[in-house]
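Fit chain B to the given chain A structure using the hints.
The primary structure of each chain is shown beneath.
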Amino acid sequence: MKRYFILLIIVRFSLQLSAQEWVVAPADAALKSPFAFTDSTRKAGEAIYVANCKSCHGDPGKNNAIQLVPIPPDAASVKMQANTDGAMHYKLIQGRGPMPSFKNTLSSTDLWRVISFMRGYNPKYVQEVALPTIAGAAAQNVSIKLDWNKASGQVEASLTSLKGQVSQPVAGAEVKLFAKRYFGNLPVDEARKSDAAGKVAFNFPKDLPGDSIGNVQLIVKLTDEVAYGEASAEATLAVGVPTNRPALTAPRAMWGVLAKAPIWLIFAYLLAVLTAWGFIAYVISQIKAIYRAGSKEQL
Amino acid sequence: MASEVNTDFLQDKKLDSIAADILRPVGITQGFVVWMGFLGISLMGCIYAYSIQWDKGLIVTGLRDYTSWGMYIANFVFFVATSLVGMLISSILGLIGFKWVKPIARIAEIIAVAFAAVAGLVIIIDMGHPERLGNVFLYGRIQSPIVWDVTVVITYLTISILLYFLPLIPDLAISKGRMNHTPKWLQNLYEVMSVKWQHTPEQYRLLMKAIRILLILIIPTAFAIHTVTSWLFAVTLRPGWDSTIFGPYFLTGAFVAGSAAVVIVMYFVRSNYKLDKYLTNHHFDMMGKLLVLVSIVYLYFNINEYLVPAYKMKTAEAIHLHDLFVGEYAVMFWSVQLLGLVLPIILLLFSFFRKPFSMLIISIVVLVAAWFKRFLIVVPTQDHPFLPKQYVPQAWMVYQPTVIETAITVGTLLLVLIIITILVKFFPVIPIWEMAEEQHELDHKSQK
Numbered sequence: 000m001k002r003y004f005i006l007l008i009i010v011r012f013s014l015q016l017s018a019q020e021w022v023v024a025p026a027d028a029a030l031k032s033p034f035a036f037t038d039s040t041r042k043a044g045e046a047i048y049v050a051n052c053k054s055c056h057g058d059p060g061k062n063n064a065i066q067l068v069p070i071p072p073d074a075a076s077v078k079m080q081a082n083t084d085g086a087m088h089y090k091l092i093q094g095r096g097p098m099p100s101f102k103n104t105l106s107s108t109d110l111w112r113v114i115s116f117m118r119g120y121n122p123k124y125v126q127e128v129a130l131p132t133i134a135g136a137a138a139q140n141v142s143i144k145l146d147w148n149k150a151s152g153q154v155e156a157s158l159t160s161l162k163g164q165v166s167q168p169v170a171g172a173e174v175k176l177f178a179k180r181y182f183g184n185l186p187v188d189e190a191r192k193s194d195a196a197g198k199v200a201f202n203f204p205k206d207l208p209g210d211s212i213g214n215v216q217l218i219v220k221l222t223d224e225v226a227y228g229e230a231s232a233e234a235t236l237a238v239g240v241p242t243n244r245p246a247l248t249a250p251r252a253m254w255g256v257l258a259k260a261p262i263w264l265i266f267a268y269l270l271a272v273l274t275a276w277g278f279i280a281y282v283i284s285q286i287k288a289i290y291r292a293g294s295k296e297q298l
Numbered sequence: 000m001a002s003e004v005n006t007d008f009l010q011d012k013k014l015d016s017i018a019a020d021i022l023r024p025v026g027i028t029q030g031f032v033v034w035m036g037f038l039g040i041s042l043m044g045c046i047y048a049y050s051i052q053w054d055k056g057l058i059v060t061g062l063r064d065y066t067s068w069g070m071y072i073a074n075f076v077f078f079v080a081t082s083l084v085g086m087l088i089s090s091i092l093g094l095i096g097f098k099w100v101k102p103i104a105r106i107a108e109i110i111a112v113a114f115a116a117v118a119g120l121v122i123i124i125d126m127g128h129p130e131r132l133g134n135v136f137l138y139g140r141i142q143s144p145i146v147w148d149v150t151v152v153i154t155y156l157t158i159s160i161l162l163y164f165l166p167l168i169p170d171l172a173i174s175k176g177r178m179n180h181t182p183k184w185l186q187n188l189y190e191v192m193s194v195k196w197q198h199t200p201e202q203y204r205l206l207m208k209a210i211r212i213l214l215i216l217i218i219p220t221a222f223a224i225h226t227v228t229s230w231l232f233a234v235t236l237r238p239g240w241d242s243t244i245f246g247p248y249f250l251t252g253a254f255v256a257g258s259a260a261v262v263i264v265m266y267f268v269r270s271n272y273k274l275d276k277y278l279t280n281h282h283f284d285m286m287g288k289l290l291v292l293v294s295i296v297y298l299y300f301n302i303n304e305y306l307v308p309a310y311k312m313k314t315a316e317a318i319h320l321h322d323l324f325v326g327e328y329a330v331m332f333w334s335v336q337l338l339g340l341v342l343p344i345i346l347l348l349f350s351f352f353r354k355p356f357s358m359l360i361i362s363i364v365v366l367v368a369a370w371f372k373r374f375l376i377v378v379p380t381q382d383h384p385f386l387p388k389q390y391v392p393q394a395w396m397v398y399q400p401t402v403i404e405t406a407i408t409v410g411t412l413l414l415v416l417i418i419i420t421i422l423v424k425f426f427p428v429i430p431i432w433e434m435a436e437e438q439h440e441l442d443h444k445s446q447k
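Top to bottom, those sequences are chains A and B.
Residue numbers for the first sequence follow numbering that gives the first Met the number 0, beginning at 0 and rising by one.
Residue numbers for the second sequence follow numbering that gives the first Met the number 0, beginning at 0 and rising by one.
Pulled out of the complex, with its shape left as it was, chain A reads as follows:
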């Protein structure tokens, strides 16, 4: 048993040493985009790239990445393009070192759009699209409705899909709930599966700060984008604790703008400056007086 642990530790450290190369498991690397890359996906991907990636990786093909160690590879570079679509997708989700994880901030579809944009810089690239699954064919046009059940303290989502003219509940689909915060989306509760009626109930914390009337912006997403497409919904519900703190920049303070400077500081500063320059002005007036006295003497 002890030997087994030592072996485990050695393996662990050798993995760390080889971590220079970012190894992606074959299953992850084999993942393919559920949709074909077109001009419209590239265009959507560019907007996401500019907002989330450009600040470090620079413009693709221009080698103007920020000078970090290691230098973030250019999106058009051989090194970057050597990744399979699945490997790129995996790395965007996981992140490593200074490269952040986009797991909770961008949807899987958005990540594929970014990959679509980056592939636009590789003329040799030929896309392989994932085969559509049976589930995907079965349940499209999923719509989600979010509600706040005050009695149980739960956020409830109901999933329906449109089949012809008839709306049907979506059963057995995995759903995740997020609350929108200043920086990224905060996962709330665990991923849950919808029941036969297409309902999902998330336990919601009682102490999440909301706005002045307790509103929190919620996002709910279906995790299996291959099967259901990119289905998500946003709703603003009064599930948080009403928080009505004045902004830190509202009162007079040392960190405020000039107009919000503390009174005592304005007073002290002006007193010192006016005193000093008052005396300086007086001394200069004395030089004038000396001049006048001299002029009189000359006459």
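Keep in mind the hints are simulated off the structure, nothing from the lab.
Bear in mind the structure is a predicted one, so any value in this text is a computation, not a measurement.
Where a beta carbon is used, it is the ideal one built from N, C-alpha and C, also for glycine.
Away from chain B, derived, C-beta distances all over 10 Å, residues of chain A: (1) T37; (2) A50; (3) G57; (4) P72; (5) I92; (6) G94; (7) V125; (8) L145; (9) D146; (10) L185; (11) R191; (12) K205.
Capping the alpha-carbon separation at 20 Å, the derived lysine to any residue pairs in SDA-like fashion look like this: (13) B:K195 / A:Y281; (14) B:K208 / A:F278; (15) A:K179 / A:D109.
Just chain B, lined up with the frame of chain A:
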């Protein structure tokens, strides 16, 4: 300075000989042309270096994200420090009533004006976009010590210029008619600058009152300028800067640097202008004693500043102190402390070393050490930010001043020398009327 001036000295024949002695070197001489030519050509090279920085930005310096204050800011602190001596000599010692400071006071004011004027320029050089200077005045927040610093540097410079100019007025009037060996434009300049001075008792009364106001006003201003400069560092939490004694620590250090600068200028004025009669061995002896006094006070603050944190060795402070005591900066640190502070104190305790030439050598060492001391205060702290330095190129990790940066810094020193040279060469460097008045009183007493 007495507020009542006995103008009898104007009739005294001694005034003629004193004026002749002091005015003899005034004007354009061959030595002056050669010296200014040397300074001017050297400055051209430095201005070229600055033109590169203007064009390309601060990337041509060694300054990066971690060490964003380097040689320029160290130089700025050094200049502000050295300029404070004007206040110490003319104001504190003069108001107490030490008579020996009279012939030195103007030299001290010249140093104050030159260093304070260029200190402001150094700050502008440290800006990547100097053309945005106006934004400091448009959008500056009075909560920021930087704005206080700008305010107080301008105020101190103005008071120093006035304190140089006002006691000069009677001398300018005395010099009229005794300046035939100088260019016409200089005589005209004297005429304008002497503001119709007629040596009337009324004019002396007005002048002495104005000077007295300035002498008192400059004390809090000088304290403010260097305390605020120290606050630029001390208001942050960083190891090496996070100190409550930074104000007095900077102030006492300033007097050491300034006194050394005065001795150096005194020496060259005395030997080049043959003014041994006015800048006597006694003056060097007294300046030596002053330098010992201010150095001992500064040593005391140094012991406080390093011993107290070193006794506690808080994690962040310990890294910083280790760097200074035995690490990367150890050679510079111990050279500055031992050669620039401890050794001068020991040597200057003996009257043998308070002779002009040995004073010159000691003062040069002290002044150079004072510059490196500012470097040690500004730079090493930034090597160890609280958050780890990572994912950046190796060149960002350590601060290494570049040739361009060094040339620009040398240029600011040249500019100081040029200002000092012009003031020393075109105007009487020793107060003629105060010397004549003192001499007259002495003769009068001995006659009685």
